[in-house]
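Engineer: One-letter residues, chain by chain:
2 protein chains.
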Amino acid sequence: MTVFAPDDLTVVPVSLGDRSYEIKIGPGVLAEAGDAAKALGARNVAVVTDQTVAGLHLEPVMASLEAAGINAAPIIVPPGESTKSFAHLEKVCAGLLAARIERGDLVLALGGGVVGDLAGFAAAVLRRGVRAIQAPTSLLAQVDSSVGGKTGINTPVGKNLIGSFHQPSLVLADTDVLDTLSPREFRAGYAEVVKYGLIDDTEFFMWLERNWQDVFAGGAARTRAIAKSCASKASIVSRDEFETGDRALLNLGHTFAHALEGAVAYDGTRLVHGEAVAIGLALAFRFSASLGLVSQAEADRVVDHLRAVGLPTRISDIPGEVGNADRLMDLMAQDKKVKAGRLTFILVRGIGRSFISTDIPPQNAKSFLEAELAEPVPSFDD
Amino acid sequence: MTVFAPDDLTVVPVSLGDRSYEIKIGPGVLAEAGDAAKALGARNVAVVTDQTVAGLHLEPVMASLEAAGINAAPIIVPPGESTKSFAHLEKVCAGLLAARIERGDLVLALGGGVVGDLAGFAAAVLRRGVRAIQAPTSLLAQVDSSVGGKTGINTPVGKNLIGSFHQPSLVLADTDVLDTLSPREFRAGYAEVVKYGLIDDTEFFMWLERNWQDVFAGGAARTRAIAKSCASKASIVSRDEFETGDRALLNLGHTFAHALEGAVAYDGTRLVHGEAVAIGLALAFRFSASLGLVSQAEADRVVDHLRAVGLPTRISDIPGEVGNADRLMDLMAQDKKVKAGRLTFILVRGIGRSFISTDIPPQNAKSFLEAELAEPVPSFDD
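Top line first, the protein sequences correspond to chains Z and D.
So in UniProt numbering, spot 307 of the first sequence is number 307, and the numbers just go up one at a time.
So in UniProt numbering, spot 245 of the second sequence is number 245, and the numbers just go up one at a time.
The hints are simulated quantities; they were obtained by calculation from the structure and are not laboratory data.
Check each hint, because a few of them may be wrong.
As the list claims (entries may be wrong) - Okay, derived cross-link-like pairs now, EDC-like style, lysine to aspartate or glutamate, Cα gap no bigger than 20 angstroms in a straight line:
hint, chain 1, residue 1, chain 2, residue 2
1, Z, Lys-38, Z, Glu-59
2, Z, Lys-91, D, Glu-90
3, D, Lys-366, D, Asp-326
4, D, Lys-24, D, Asp-176
5, D, Lys-91, Z, Glu-90
6, Z, Lys-24, Z, Asp-179
Note that this is a predicted model, so its numbers are computed, not measured.
Produce the entire structure from the sequences given, and follow the hints as far as they go.
Structural biologist: Spelled out as structure tokens, the structure:
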């Protein structure tokens with residue numbers, strides 16, 4: 001699945017028939033943007049990015065595009081989750097039209113998950129669909145949101161409730177740019193890396209337990225962890241592009257995570273997505289343990305690893321109030337995966353043994369959340 | 001292709017693999033909405049309609065849904081082209097979320113092209129795609145916009161520049177509701193009916209020349225004209241769902257039409273879409289004649305038929321100023337079909353002999369428009 005090139009560049013293919021594409025992972029791959037856009041036949045490329053990323057990485061990308069003879073136009077949005085809104089979607093679309101992005105041209109999303117989701121969605125709906133290159137600059141975006149074609153924006157009642165499936169034509173995951181992330185951001189993205197081990201790869205989880213410090217430090221272990229994560233996601237997406245079955249496994253921890261993010265109104269100072277996922281993973285294991293599906297010891301092992309890297313694992317780790325179990329249940333009921341009023345949970349029978357459950361009575365989930373919320377507040381690193 | 005049932009109900013199939021669906025055409029088919037939604041497995045149905053249509057047709061549709069045991073929620077938008085906006089898309093999406101429309105549920109678009117395009121687009125992006133029933137209530141929507149899966153909204157720089165391909169799961173074209181249209185609205189929709197004859201069906205055009213008064217009067221000739229139009233469109237869409245080839249033929253007259261609508265800022269008091277199409281069809285024939293592709297006599301025959309039913313055929317038929325040739329060329333350059341900066345025109349070698357042209361120098365189009373704009377203003381029915 002994964003091809004290691006001499007210069008540490010790793011290429012992960014995503015097999016989706018005539019929507020297949022490659023994920024290029026390695027130090028400095030952003031410099032390939034211009035040649036890649038040219039190879040795809042684009043004349044005009046709009047680079048959508050946020051103010052923070054623009055200051056760090058926009059100039060070399062623009063230079064690469066211009067060196068390849070491409071007309072490149074930057075579209076800069078504010079950083080933060082609140083940018084995934086109808087208002088910013090409209091602004092980005094207006095920018096793409098002003099840049100005369102036509103069918104055959106490209107949108108290049110340069111940034112984290114927010115930029116990737118917003119710019120990818122704009123590409124999906126501009127002229128009923130133009131192509132996109134995802135150039136993720138956060139660990140979370142490199143291992144999750146840039147791969148698989150999910151795009152979208154948030155609404156007041158839930159995250160990502162408006163969007164499209166729109167596969168990129170290429171993903172450029174430059175591992176060098178991760179050095180500009182804060183430790184908190186890198187850690188948050190790491191929660192999604194752990195997720196792939198928990199879904200169906202016990203061995204990868206154990207490798208992460210042993211090597212997480214090298215992954216955080218950078219170099220070959222980091223590239224390998226990202227490539228392994230992308231290959232896991234690509235494999236699941238190839239089997240089920242439109243989430244009618246197995247793709248839902250990728251939502252391990254996410255039904256809880258989305259509700260928690262909703263509960264703090266997507267306030268990134270209190271909780272970023274990866275942190276919500278870390279708590280969600282811990283909750284998925286503890287909920288499964290409470291249902292007798294997995295041993296408490298195995299749930300503890302997952303929680304221990306997440307805490308070892310400094311991630312939160314309890315609702316009470318979130319600063320401030322998040323509301324009661326009824327509020328969280330209501331937020332979970334708005335999840336996209338709701339079918340005929342039934343909640344879908346991804347549960348586990350062990351580390352690397354997740355499954356989709358659609359028959360858990362809501363009362364069980366509510367009782368579990370009530371018990372979690374009643375726990376004494378632990379200190380963050382006790 | 002077309003199956004005539006004893007009770008005057010006509011069913012036109014649209015063959016698109018696992019996205020195939022039926023168009024049911026005939027008097028009273030709206031009463032089938034409830035049974036149809038139930039057969040599709042929906043629990044909740046949001047009926048998106050506008051204030052005008054709501055007063056005429058909403059109640060029986062709601063009654064039909066409720067009689068079938070469906071939770072039905074109406075979402076009512078203002079009438080008119082300006083409703084195809086980001087602001088109303090956001091409102092409709094909020095309404096769909098409030099109505100708890102989940103995957104498996106349905107959006108029912110009850111109205112003309114504006115409601116169909118807006119509600120269809122909202123369905124396309126809600127939770128990354130829920131199913132839709134199109135229940136077109138204008139002639140234009142019945143023969144064109146409700147069939148083929150194009151959805152979208154307008155932007156200040158052009159019509160339908162933001163949208164999705166999202167095939168409906170069913171189209172219910174109730175021919176009775178057309179009796180509530182104004183003569184102007186019916187006539188405008190008729191321009192799209194004529195278009196199908198001009199694209200590739202000389203015989204249908206000649207049938208319309210002989211029978212147009214019966215089509216306007218209602219009854220079997222009307223149902224037959226609608227069914228024939230839907231079958232023509234379905235055939236082309238089945239060959240080329242995403243408009244990479246032949247589907248562009250459906251845009252005969254539309255590159256000019258969209259520019260003219262842009263030039264009047266979508267002011268429906270001055271020009272409705274079907275009228276713009278009528279002028280666009282006439283311009284396509286006259287432009288083809290100016291290029292020596294078709295005889296002036298054949299162009300005159302098309303113009304004569306359009307004028308006989310009371311449709312406009314010249315830019316000067318539009319009340320007020322529309323700007324000069326440069327302005328119209330700039331508006332045409334924003335057309336979605338622009339590729340690598342080249343305008344695509346649908347031209348004709350005869351009635352029923354249209355073809356896609358991508359190699360017309362812009363200067364020829366501009367000269368043609370300058371000549372058209374310089375014509376002495378004819379009275380509307382001279």
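Engineer: For every hint, state whether the structure bears it out.
Structural biologist: Hint by hint, here is what the structure shows:
1. Z:Lys-38 <-> Z:Glu-59: 18 angstroms, holds
2. Z:Lys-91 <-> D:Glu-90: 14 angstroms, holds
3. D:Lys-366 <-> D:Asp-326: Given that 20 angstroms is the threshold and the Cα spacing comes to 7 angstroms, the pair holds.
4. D:Lys-24 <-> D:Asp-176: Holds. D:Lys-24 to D:Asp-176 sits at ~13 angstroms (cutoff 20 angstroms).
5. D:Lys-91 <-> Z:Glu-90: Holds. D:Lys-91 to Z:Glu-90 sits at ~14 angstroms (cutoff 20 angstroms).
6. Z:Lys-24 <-> Z:Asp-179: It holds: about 18 angstroms lies between the C-alpha atoms, which stays within 20 angstroms.
Violated hints: none; the structure is consistent with every hint.
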